[in-house]
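Visitor: Here is what each chain is made of, one letter per residue.
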Amino acid sequence: MSQVPQDLPVPAGTFAGKVILLLGQPGSTTYAIAKAFRAAGAQLVVSGDGLEQVPSDLSLPKANVHPTAISGLFDTVEATFGPVDGLIIDRVASGCTAAEDILWKRWRAMNADIVDCIFLAGSEFARRCFARGDGGDILLLAAAQVIDGAAGNSLESAAASAIASLIKSWTVEWLNDDVRVNMIEVGLVEGLTNSISDLASRRGIDAVDTVPLARLGTADEVAAAALYLTSPYAAYIAGAQLRIDGGEWLRANLGGAPFLPPRTWLGSSKV
Amino acid sequence: MLPADEFAGKVVLVTGGGSGVGLAMARGFALCGARIAIASRNEETLAEGAAELHGLGAEVFTVQCDVRQRNQVTDMFTQIEEATGPVDFLLNNAGSNFPALAENLSVNAWRAITQIALDGTFFCSQEFHARRCRVGRAGAIINNLASYAWTGFPGDVHSAAAKAGTLNLTLSLATEWARDQIRVNSIVVGTYPHSRVPNNDPREREGRRGRTVPAGRALRAQELGWAAAFLCSRFGGYITGLNLVVDGGDWLRRDLLKPPFIPPRERKDLWFGQ
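Chains as they are written, first to last, in the numbering used here: chain F, 372 to 642; chain E, 6 to 279.
What the hints contain is simulated information worked out from the structure, not anything from laboratory work.
Given the structure is predicted, the values throughout are model-derived calculations rather than measurements.
Note that beta-carbon positions come from the ideal geometry of N, C-alpha and C, so glycine has one too.
Be a bit skeptical, because a hint or two may be false.
To be verified - What the simulated footprint calls covered on chain F by chain E, stretch by stretch (three residues with Cβ under 8 angstroms from a Cβ of chain E suffice, anywhere in the stretch; the number is not a length):
hint	segment
1	378-389
2	583-595
3	615-625
Work out the full structure: start from the sequences and follow the hints.
Guide: Rendered as structure tokens:
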């Protein structure tokens, strides 16, 4: 049973006059975040492929992962709305591929899409904040299940762990200049179809049953946390990893299903 | 921050709620319409805290309790229920602390700190859970933590060990009680100078201590209230087992080269490393 908050955790005008750049991806979290920030008064620019349905004040194609292209993206936004006050990057991703089968090209492509993109966009954002002597907020989203490593997720885990590390280093480097960086770790949430839901269906279990709180999260709950973390009300929260997963990661026990070597269920070429 | 009626009709119990961090968190709930119960061993502290909360227009109930005593915890909940109705949210904030070298810590001193923070948190949580289950209602717990729960803290081994235990309680109870719809989270409280912290001067909130934090200032009372209220609200309904660090980046201040190490027993000021 979902208990979806229909209103906002911050006053409606909290982001009035603020420009938020959302580097999104198709899925419920990008949509809900865009909707929530607009409702809270932000001018919302979304950039990414396949985001035509995402509510925004300006929709831009996905920028190439290259310093010039990323800088150009900020230039375009600034030319229309003025300086960017908040940067949100939604890269909730999980995989299901045996490590030995991950091709170098795919490794490079995903790292570019996640780690390189976040590094380039985050550092470009910070430089522009410093240049105008103003602060800003960066919020990064990744899949909770892969943060600490997960079989079949060498790629996604390495990227998510890199994000978790970046927010800590950036916090110490930039917070004194009022550029704040945080992270949301997204668990099982309605409307996010990924390898986890695929795996649940292959194993014949309902993903809901795997969550201690006995329900999936909602994208609106993720958006509510995003609003709070990037608002002035969370000004003292920096370098934080806010996990929204209904307690899914805490399921330690001495039993569990018999261990199957991951390559037996990942369809590895080595089986 | 939250809608003004977010907690209308709800009751929050804040142990150690008469002053400091507990009172700061209580204010956050008072501003969102909750009825507030504050507990403390000290009657004077309770009176001062209640006066402040009354000033915000809140309905306040005070109760004296030593959370180390299991029977007193039961009595406390009964008194609050009779006065205000069942407790919806529990903020485990009761604690005490003082600088001491481990080798000089007496058995009584060790027990005083660990029993308030760890035993007290467990007793209150257990009683809260039982009563929520009895009425078949959801609830939320917030445990007050410090980053030394996982970093350790020379000169504060008693509190650090107790907080580490409390962090673990957050994780275990979040899972044990999830199907009862009891969410359990922690808030790591950063530099928050107030009158009950040894060697801290609240007047220096933006001064000496604040300058040691990447955020460039100390924590403000309302920021604690907002964080606790958010986690207990509908908006935090899918969050459990979280340890939310509200410290202005303080615990992340690793450096490749740190200042020269002064062994704890050679320090003039044990906690401040000098």
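Visitor: Hints first: check each against the structure and report whether it holds.
Guide: Here is what the structure says about each hint:
{"no.": "1", "hint": "378-389", "verdict": "holds (count 4)"}
{"no.": "2", "hint": "583-595", "verdict": "holds (count 8)"}
{"no.": "3", "hint": "615-625", "verdict": "holds (count 8)"}
In terms of the numbered hints stated before, the structure departs from none.
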